[in-house]
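Asks: Please work from the sequences and hints to get the whole structure.
Protein chains: 2
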Amino acid sequence: MAKANEFVKDIADIRENFPQWYTDVVIKTQLVDYGPVKGTMVMRPYGYAVWENIQRELDARIKATGHENVYLPLLIPYSFLVKEADHVEGFAPEVALVTHIGDNELPEKLVVRPTSETIFCEMFSKWVQSYRDLPLLVNQWANVIRWEKTTRPFLRTSEFLWQEGHTLHATQQEAEEETIKMLRVYEEFAKNVLAIPMLTGKKSEKEKFAGADATYSIEAMMLDGKSLQAGTSHYLGQNFAKPFDIRFLDKDGTHKHPYQVSWGVSTRLIGAVIMAHGDERGLKMPPYVAPVQAVIIPVAMHKAGVLEKAEEIKATLAKAGIRVKLDATDNSPGWKFNEYEMKGVPLRIEIGPRDIENGVATLSRRDKAGEKFTAPLEGLAQSVQTLLQEIHENMYATALAFRDSHVKTVRNMDELKEAVDGQNFALSMWCGDRACEDKIKETLQTTSRNMPFDQSPVGDTCVCCGKKAKHKIYWGRAY
Amino acid sequence: MAKANEFVKDIADIRENFPQWYTDVVIKTQLVDYGPVKGTMVMRPYGYAVWENIQRELDARIKATGHENVYLPLLIPYSFLVKEADHVEGFAPEVALVTHIGDNELPEKLVVRPTSETIFCEMFSKWVQSYRDLPLLVNQWANVIRWEKTTRPFLRTSEFLWQEGHTLHATQQEAEEETIKMLRVYEEFAKNVLAIPMLTGKKSEKEKFAGADATYSIEAMMLDGKSLQAGTSHYLGQNFAKPFDIRFLDKDGTHKHPYQVSWGVSTRLIGAVIMAHGDERGLKMPPYVAPVQAVIIPVAMHKAGVLEKAEEIKATLAKAGIRVKLDATDNSPGWKFNEYEMKGVPLRIEIGPRDIENGVATLSRRDKAGEKFTAPLEGLAQSVQTLLQEIHENMYATALAFRDSHVKTVRNMDELKEAVDGQNFALSMWCGDRACEDKIKETLQTTSRNMPFDQSPVGDTCVCCGKKAKHKIYWGRAY
Chain W
1 MAKANEFVKD IADIRENFPQ WYTDVVIKTQ LVDYGPVKGT MVMRPYGYAV
51 WENIQRELDA RIKATGHENV YLPLLIPYSF LVKEADHVEG FAPEVALVTH
101 IGDNELPEKL VVRPTSETIF CEMFSKWVQS YRDLPLLVNQ WANVIRWEKT
151 TRPFLRTSEF LWQEGHTLHA TQQEAEEETI KMLRVYEEFA KNVLAIPMLT
201 GKKSEKEKFA GADATYSIEA MMLDGKSLQA GTSHYLGQNF AKPFDIRFLD
251 KDGTHKHPYQ VSWGVSTRLI GAVIMAHGDE RGLKMPPYVA PVQAVIIPVA
301 MHKAGVLEKA EEIKATLAKA GIRVKLDATD NSPGWKFNEY EMKGVPLRIE
351 IGPRDIENGV ATLSRRDKAG EKFTAPLEGL AQSVQTLLQE IHENMYATAL
401 AFRDSHVKTV RNMDELKEAV DGQNFALSMW CGDRACEDKI KETLQTTSRN
451 MPFDQSPVGD TCVCCGKKAK HKIYWGRAY
Chain D
1 MAKANEFVKD IADIRENFPQ WYTDVVIKTQ LVDYGPVKGT MVMRPYGYAV
51 WENIQRELDA RIKATGHENV YLPLLIPYSF LVKEADHVEG FAPEVALVTH
101 IGDNELPEKL VVRPTSETIF CEMFSKWVQS YRDLPLLVNQ WANVIRWEKT
151 TRPFLRTSEF LWQEGHTLHA TQQEAEEETI KMLRVYEEFA KNVLAIPMLT
201 GKKSEKEKFA GADATYSIEA MMLDGKSLQA GTSHYLGQNF AKPFDIRFLD
251 KDGTHKHPYQ VSWGVSTRLI GAVIMAHGDE RGLKMPPYVA PVQAVIIPVA
301 MHKAGVLEKA EEIKATLAKA GIRVKLDATD NSPGWKFNEY EMKGVPLRIE
351 IGPRDIENGV ATLSRRDKAG EKFTAPLEGL AQSVQTLLQE IHENMYATAL
401 AFRDSHVKTV RNMDELKEAV DGQNFALSMW CGDRACEDKI KETLQTTSRN
451 MPFDQSPVGD TCVCCGKKAK HKIYWGRAY
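Here the protein sequences come in this chain order: W and D. First residue of the first sequence: 1, per the working numbering; consecutive thereafter. First residue of the second sequence: 1, per the working numbering; consecutive thereafter.
If you are wondering where the hints come from, they were derived from the structure by calculation, not from laboratory data. Just to be clear, a hint being listed does not mean it is correct.
Just so you know, same-sequence chains aren't split out, so a pair can sit in one copy or run between any two.
Listed below are the simulated DSSO-like cross-link pairs for lysine-lysine, each with C-alpha atoms no more than 27 Å apart in a straight line [stated by the list, open to error]: (1) K472 / K319; (2) K63 / K28; (3) K256 / K28; (4) K467 / K109; (5) K126 / K256; (6) K441 / K206; (7) K149 / K109; (8) K256 / K417; (9) K439 / K467; (10) K408 / K472; (11) K63 / K309; (12) K38 / K242.
Replies: Listed below in structure tokens is the structure:
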């Protein structure tokens, strides 16, 4: 176990210094590296493979709900950004501007997209003429740039990868339904792929997207009790359709502006996966995004037949669609155990001479560290698939139980302070006034607020001013 | 057939005005639209779906040859570009430069990547220490910007999507083998997925990539006899490894610079697909990249059971993995026939009351316009899969026969002129001197040159100067 200790020493203690633990694991497991330009990140093979798995799973859901993928240009005329007043106010300070091609100055500076509402609207105004063109349901996978002062890999980077859905609808009702539908798609995806329970709800007026009438989000609790906003869905009303003059001839023979929605999740989800599931040994990858779902480690590799059997198991599992890796390097089994624990591989499969003799493999689950058990080689692929599903369910249940035990219902500012200082979400009633929201944020650093869809009251009065309450709301400290 | 004529009138005559035909089909079939910034393009759902199919097929091949995907930042410090002299000379005039974030000027201007050799090298210099770290085989799917004066959708755009492979090797031999291996991967992919025969070979010194020791390419003949360079693979030697100080400790205990390779294909491939396969009616999509492989058109849709049967066929084909679309709109069957012919859907499936009575569907292949035949509904999915493979093979054979009939072996400048003026590739011997290359290019606009791997001579003397020849070479006019 000397090797295990060496590894644990390499990573900061998750209980004592969570931020340093995060930095240590993302770098040491080679998920990511720092890019040469401040605030940028390099996604290494192990990290990018997580993103590929996220993309594949989410893309299937986006298409199943009737959306088609498109690709619009990276560079947007600056004049577009200015057309929607709140939008430019929100994004102008952090946009990267292209001013020159080689030595030649451009006649108009170009914005490297921070998001694409404006350029989508420009194209929509050409494509939409009639109610027959609606709903228009498109999505793009792209890179965006938002210059951030404080950056952390995956969580907040100057450039990130994401998908942005953009849709147009003939009626407000249909657009509002799309807004919630896609939030629910994110919620289901987070549960069944990332093994993360999400709080879904509405952001306050103060927190909504620059240009939206309403913003909804999915929010996850990290292992330090902080909140991570993991995805958003915006009801944009006609705020962009009007300045971009998008109009359609409706069935009643009149021209109308359509109602618009946008929704997105990003490489930030990888940060959520890391911080919702890790432990003192490193990452815990949920099986359905894990780049390697099962790692095979041959024991006494020099003995006749061991490597051959390991190769055979690998081929069998790969054929069943399991993402499997065989580590046949000359590192010791102990070194390998620690390496793949740190990398969070959900299932370890040891195979040695005694296992072969007994017709079994020796298995160990990352989510139940230390427990070893055997499984017959006959039917191993099916056993592994069942185990991966069990690991997924256990990880989800563990994350849900952790979050539920860290939600405190509070009635006044003292209780609210105690709750958030104690690494919890505080659930309270709120009068809905900006003054109370600001006061709570400033005094208690509750940078996360989310009003759940379930508004069944937990009291009558605002946690801050004591006046009659309008909303139920979660308060937390945000990434 | 009145409708057919209407459509044909919408598209310029492919024999009389090929460039206009190209512009007409890419816009009218909604593959693409023009972006608001000059030279940019918007990939609409029908066009982006082609790219998704290309990505899926090629990505599988890139991974099967041992490469892993990564993602590196879009923005590169200008100082990196300058480190390799030929590289900066080649790219500096056409790079987009980010100089400001909002109102704040950056301390160093940033290049929006035109290609990523320099930033990969920066990261490689951190990641590579020992021969154990080699070969390092990575690839990224990304957008790049190269500001072009004359642009055309897919063929030459200010921004395009591509993959760029970047690899490092301990020996020159291994790097040279990788260069050719990936060219062969492209060639096989073009044949088996795009149904396009490629000429593979080496570019002249004059034409090689800025910073490479040698550039190899795949080149396809378009229907107007012009050449389209569809992909490149570059042997970079140690040209970047030295200025970026990438070094590894070799087995012999000494530090060495590794040898480097890069290779890429882009959304230009979609232009190749369009121009290698179309006809006077519009696009002809090769089945394995076609967004819709088979379209079902119900005939006498109002009759009982027709739509139900059409839905049933759709479900059966979709379940078998066929990309199928059912057009149940109230447009006439004739209108639909023309629409999907223009869009190049490989297979049309009509289903009407008489078909149902006979237990068949009526089929029509896009590659054999006009021919109708029936297939039993029993086992239709299998029949469709067989037909798609036959269509693919026929399209490849047709493109190959067309190209082979448009290659003329020439011995002197008169013959060379006659060949290229007659929309052919000219195959000749060449002395290898830049003077002859320049003369031929300037007098005959042979903007495409490619030296095939098969150098079995077609003569002894240079087509231009008459001196002893060194190389066999194809001359053509390029996109």
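Asks: Determine for every hint whether it applies to the structure shown.
Replies: Status of each hint after checking the structure:
| no. | hint | in the structure |
| --- | --- | --- |
| 1 | K472 / K319 | neither (50 Å within a copy, 46 Å between copies) |
| 2 | K63 / K28 | between (35 Å within a copy, 24 Å between copies) |
| 3 | K256 / K28 | between (55 Å within a copy, 26 Å between copies) |
| 4 | K467 / K109 | neither (50 Å within a copy, 54 Å between copies) |
| 5 | K126 / K256 | within (15 Å within a copy, 57 Å between copies) |
| 6 | K441 / K206 | within (11 Å within a copy, 64 Å between copies) |
| 7 | K149 / K109 | both (23 Å within a copy, 18 Å between copies) |
| 8 | K256 / K417 | neither (49 Å within a copy, 60 Å between copies) |
| 9 | K439 / K467 | within (15 Å within a copy, 88 Å between copies) |
| 10 | K408 / K472 | within (13 Å within a copy, 79 Å between copies) |
| 11 | K63 / K309 | between (41 Å within a copy, 24 Å between copies) |
| 12 | K38 / K242 | between (38 Å within a copy, 25 Å between copies) |
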